[in-house]
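Protein sequences appear in the order of chains A and B.
The opening position of the first sequence corresponds to residue 1 in the working numbering, with each subsequent residue numbered one higher.
The opening position of the second sequence corresponds to residue 1 in the working numbering, with each subsequent residue numbered one higher.
What the hints contain is simulated information worked out from the structure, not anything from laboratory work.
Note that beta-carbon positions come from the ideal geometry of N, C-alpha and C, so glycine has one too.
A few of these clues could be false.
Unchecked claim - Output of the computed footprint for chain A on chain B, the stretches with three or more beta carbons under 8 Å from beta carbons of chain A:
id : stretch
1  : 5-18
2  : 24-37
3  : 46-56
4  : 62-69
5  : 73-87
Stated by the list, open to error - Just some of the chain A residues that point at chain B, by a computed CB distance under 7 Å:
id : residue
6  : Ile27
7  : Arg35
8  : Ala39
9  : Gln61
10 : Val70
11 : Thr77
12 : Ser81
13 : His94
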Amino acid sequence: MSIADVVASVCLVAGCFLCLTAGLGLIRFPDVLNRMHAATKPQVLGVLLVMTGAVIRLAGQPIVWMLVLVGVFQLLTAPVSAHMVSRIAYRRRHVRRDLLLVDELGKPADPLPSRPHPEHPEGDPDVDEPADGPDATPRTTS
Amino acid sequence: MTTVVPLVCFALLGVGAVLILARLAMGPSLLDRVVATDALLVTIACGIAVYCAVYEDISLEPVLLVVALLAFVGSVSVARYIGGMLVAAGDPATRGGDADLSGRPDARSGEPL
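Model the full structure from these sequences, guided by the hints.
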């Protein structure tokens, strides 16, 4: 059992352990965004660890490029799918709002007369004002 | 290498897959099931890669690529489908002023989530 085998074994076991943590997090966490946080650990790091272990183990075989392709593809597609799922989750109110510390997207949902400081002294006004402006206009008319 | 490592790896993957399947079965909304399906496909891909690596069998590696592609296509298409339902329902969730703190789908919209 050489050094490469030991390194490959450690990578494989670490990646599989991340899959176990994804299962535990999916069971225990309260809402969709928290579960996504747990489930994306094996999507990137776990897959990369397992592919690294498999590449070390299968080095010299002609089909190793496919493992590299799987790792690159996970790196490209995991942010896209996570972004889409989390955006829909926020809009469908699958988010536990009482567990959020900062909810930057939720500020226009407040009724307009009760907003305390329209200029937001701690935030960047260049970023904040265009986000508030077009969304507040149909709310007052409806 | 071929005795202890696959035992440990498949035990970890198996327990993780059972927990993910439990969330897939009892997830309160469709998006929970989407996330669980994504994690389950990743677990399957890790299992195939572990099998290929441990037994030095390269016959399953195209299946690995297909599973990795399928996870992306599945989650994105279901997310787009729910977004289409959101638009078709007149966007009630983003327009409503009351905050639903339960994390459950809206009871007003009456959609089969």
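Quick one, is the threonine 77(A) hint okay against chain B at 7 Å, beta carbons?
holds (4 Å)
Three residues or more, CB to CB closer than 8 Å: is that satisfied between the stretch 46-56 of chain B and chain A?
holds (count 7)
Just to be careful: measuring from the Cβ of glutamine 61(A) to every Cβ in chain B, is the smallest value less than 7 Å?
holds (6 Å)
Is the interface hint satisfied for histidine 94(A)? The criterion is a beta-carbon contact with chain B at less than 7 Å.
At 5 Å from the nearest chain B Cβ, histidine 94(A) passes the 7 Å test, so the hint holds.
Checking C-beta pairs, does the stretch 73-87 of chain B have three or more residues closer than 8 Å to chain A?
It holds: at least three residues are needed, and the stretch 73-87 of chain B offers 7 whose Cβ sits within less than 8 Å of chain A.
Quick check on serine 81(A) please, does its C-beta sit within 7 Å of some C-beta on chain B?
Hint on serine 81(A): holds, closest Cβ of chain B at ~4 Å, below 7 Å.
Holds or violated: the stretch 62-69 of chain B covered by chain A, criterion of 3 or more residues with Cβ-Cβ distance under 8 Å?
holds (count 5)
With a cut-off of 7 Å, does the beta carbon of isoleucine 27(A) approach a beta carbon of chain B closely enough for the hint to hold?
Check passed: Cβ of isoleucine 27(A) comes within 5 Å of chain B, closer than 7 Å.
Within 8 Å of chain A's CB atoms, at least three CB atoms from the stretch 5-18 of chain B: coverage verdict
holds (count 10)
Using Cβ atoms only, decide whether arginine 35(A) comes closer than 7 Å to chain B, and label the hint accordingly.
At about 5 Å, which falls below the 7 Å cut-off, the nearest Cβ of chain B leaves the hint on arginine 35(A) intact, so it holds.
Mind checking the CB of alanine 39(A) against every CB in chain B and telling me if the closest is under 7 Å?
Nearest chain B Cβ about 4 Å off; hint holds.
Report holds or violated for chain A covering the stretch 24-37 of chain B, Cβ cut-off 8 Å, minimum 3 residues.
holds (count 6)
In the structure shown, no violation is registered for any of the earlier numbered hints.
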